[in-house]
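Colleague: Okay, here's what each chain looks like letter by letter:
2 protein chains.
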Amino acid sequence: MKRIIKISDAFITCASSVVGKQEAEGPLGDIFDICDRTDKFGAKTWEQAESAMQKKAFSQLMNKSGMDIEEIGMVFAGDLQNQCVGSSYGLLDFDVPYIGLYGACSTAVEGLMLSAMTCSAGYADTCVAVTSSHYLAAERQYRSPIEYGAQRSPTAQWTVTGSAAFAVGRKGDVRISAVMPGIVVEKGINDASNMGAAMAPAAANTIYAFFKESGHAPEDFDVIATGDLGYEGGKILCELLASSGLDIRRQYTDCGALIYDRIKQDKHAGGSGCGCSAVVLASYFYPRLAVGKIRKMLVIGTGAMMSPSSIQQGLAIPAIGHLIQLEHGRG
Amino acid sequence: MKRIIKISDAFITCASSVVGKQEAEGPLGDIFDICDRTDKFGAKTWEQAESAMQKKAFSQLMNKSGMDIEEIGMVFAGDLQNQCVGSSYGLLDFDVPYIGLYGACSTAVEGLMLSAMTCSAGYADTCVAVTSSHYLAAERQYRSPIEYGAQRSPTAQWTVTGSAAFAVGRKGDVRISAVMPGIVVEKGINDASNMGAAMAPAAANTIYAFFKESGHAPEDFDVIATGDLGYEGGKILCELLASSGLDIRRQYTDCGALIYDRIKQDKHAGGSGCGCSAVVLASYFYPRLAVGKIRKMLVIGTGAMMSPSSIQQGLAIPAIGHLIQLEHGRG
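Taken in order, these protein sequences are the chains called A and B.
In this text, residue positions in the first sequence follow our numbering: the first is 415, and each later residue adds one.
In this text, residue positions in the second sequence follow our numbering: the first is 415, and each later residue adds one.
What the hints contain is simulated information worked out from the structure, not anything from laboratory work.
There may be inaccurate statements among the hints.
Calculated pairs, SDA-like style, for lysine to any residue (alpha carbon to alpha carbon, straight line, at most 20 Å) [what the hints assert, rightly or not]:
| hint | chain 1 | residue 1 | chain 2 | residue 2 |
| --- | --- | --- | --- | --- |
| 1 | A | K707 | A | Q665 |
| 2 | A | K420 | B | K416 |
| 3 | B | K416 | A | K707 |
| 4 | B | K458 | A | Q726 |
| 5 | A | K420 | B | A535 |
Over 12 Å on every C-beta distance to chain B, these chain A residues come out as not near it, computed from the model [to be verified]:
| hint | residue |
| --- | --- |
| 6 | M415 |
| 7 | G456 |
| 8 | S567 |
| 9 | K707 |
From the derived model, a few chain A residues whose C-beta atoms are all more than 10 Å from chain B [stated by the list, open to error]:
| hint | residue |
| --- | --- |
| 10 | R417 |
| 11 | G440 |
| 12 | D444 |
| 13 | D450 |
| 14 | G492 |
| 15 | G563 |
| 16 | T569 |
| 17 | Y645 |
| 18 | A656 |
| 19 | P701 |
| 20 | S723 |
Glycine included, every Cβ here is placed at the ideal spot set by N, Cα and C.
With these hints in hand, go ahead and build the complete structure from the sequences.
Modeller: See the structure below:
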């Protein structure tokens, strides 16, 4: 089975990002488009704050790109909230054909992958991929409300409060030249406070298969970035690949390791959540690809596909890694 | 904005269905492939029973089609459980590229739509769309465990215990000739026991736009079927369309109205859930399309995109209707 899908005509044409307080105070704080230091985005509940944030990211994309809503053929959206209500309420004000996704934290890359396929095939001139996560909504849904004061494990990651939106079209400056959907992988990790370990084997599966099938070497890429393996998962990923004879350490980074200051902010194992890879890709990597500071990179969106009830029932965590290949270059 | 996407080369090539006791006792009981009258499918919990059922539907599709797992380029899957764990655990044993969807009860049609687009564009030779819902898992997640004995409202629908899988390829006997993704619509309904009313305006939006853009008349179709509006929502849909000058009553039916006996089984407003449209389409409509008993039909997958917490927070229910056009004919 061939897993890599070559894409002939798809480009990221614009990207927007919106973040909360912790993200604004991190090392990338200055590059995000919009920040709300209350984390509330004018809403009454944390769940609704996430929708408001996603709405802001979408509106900001419209502003930056100068696009008209009518030009969008399809929006691919999803988030971590039960039944993905972050997105269904977040995009309610926009009359656009809506494809709901659930890829846990891999959703940004999943949406970009489907947007690239849809545009390149000519089904739409422009697609939008949008996703979000909110620390306070995620904490009380997956774990406990922060008021409870539960202690965090050293391997735990911090859900990014952030949302990003990407416009994908057939002309632009950053080419999506290939995509490769992941396979669901579960290697026995059932500790919901160690999602990096649960997701690393899925990322390794995708990356290993990509290099094997493409014939590329890690040196062909300036950067190989995972979405949110964090310090723990990133280390496991590099070890797993090294044991298969693939050394990506010189090119490797992780969005969850970039977004917070490891010493000053101490978010334990790093950032996570749908918003993590989304805002880092939108505001850190995309501009660098656009100007050619990065020529060619791989992004592997990583997702842990469990639920609170599957964890309560003692099941191990299935995970996934979707890959896109991005290249500098006008088309 | 043009919303209809014409598909040149995509066919449903095989379909499988698995159901529980109530569905087996309904008027369509004899046509489903597999039934487990315990509703447990050999699993320990209702959530895991749903995954086991989805696994069975996928395996049955492999058996019926004679396909090899290696032939599947992509599987599009999703369900109603939090974080779609029905699918992530259900398909864990199969090494196939996995695209997770969330479209609430519209997921079967959403998956078929994306499968058709993916195959016709040549990104994969064969795709699989799979979905499921389980009455007992859904009841305790969305409402109360049935042991609680809560009284049901007359407008409430009954979540179908069922899973179906569809193979889509470039040769077959039932053509997916057009698809049209829905727009999220919310018209103020916040009664989670009346999802038909919440979803009807979304279905009406899609159907009205389809006829306007295509120039077709309802008479051009043998059947126009919605996924799970039930009796209540189906009536509202026909009234909404009639008030816009579109009369579909002669062609109209609803999978949620077909699956249970209205008098003998009394499921109030009819069936619902991801599995509802999936199993009815797989085992009732698909064989009729394959032999030409139905020449041309529209299926509108309907989904209510709320969550228990959005309902608790008093929000109205956003809904969606995705459309596919199916035609008898070998390709």
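Colleague: Hint by hint, note whether the structure agrees.
Modeller: Consistency of the hints with the structure:
1. A:K707 <-> A:Q665: holds (14 Å)
2. A:K420 <-> B:K416: Not OK: K420 (chain A) and K416 (chain B) at ~26 Å, beyond 20 Å, violated.
3. B:K416 <-> A:K707: violated (38 Å)
4. B:K458 <-> A:Q726: holds (13 Å)
5. A:K420 <-> B:A535: Since the Cα atoms of K420 (chain A) and A535 (chain B) sit roughly 12 Å apart, the hinted pair holds (cutoff 20 Å).
6. M415: violated (5 Å)
7. G456: G456 (chain A) is indeed farther than 12 Å from all Cβ atoms of chain B, at 15 Å.
8. S567: At about 20 Å from chain B, S567 (chain A) clears the 12 Å cut-off, so the statement holds.
9. K707: Holds, since 31 Å exceeds 12 Å.
10. R417: violated (6 Å)
11. G440: Correct as stated: the minimum Cβ-Cβ distance to chain B is 27 Å, above 10 Å.
12. D444: Per Cβ check, D444 (chain A) is outside 10 Å of chain B; nearest 33 Å; holds.
13. D450: Fine: 20 Å to the nearest Cβ keeps D450 (chain A) off the interface.
14. G492: Given a closest Cβ separation of 6 Å, the condition is violated.
15. G563: Nearest chain B Cβ is 22 Å from G563 (chain A), so the label holds.
16. T569: Non-interface label on T569 (chain A) holds, nearest chain B Cβ at 20 Å vs cutoff 10 Å.
17. Y645: holds (24 Å)
18. A656: The claim holds: A656 (chain A) sits with its nearest Cβ about 23 Å from chain B, beyond 10 Å.
19. P701: holds (28 Å)
20. S723: violated (6 Å)
The structure shown violates the earlier hints numbered 2, 3, 6, 10, 14 and 20.
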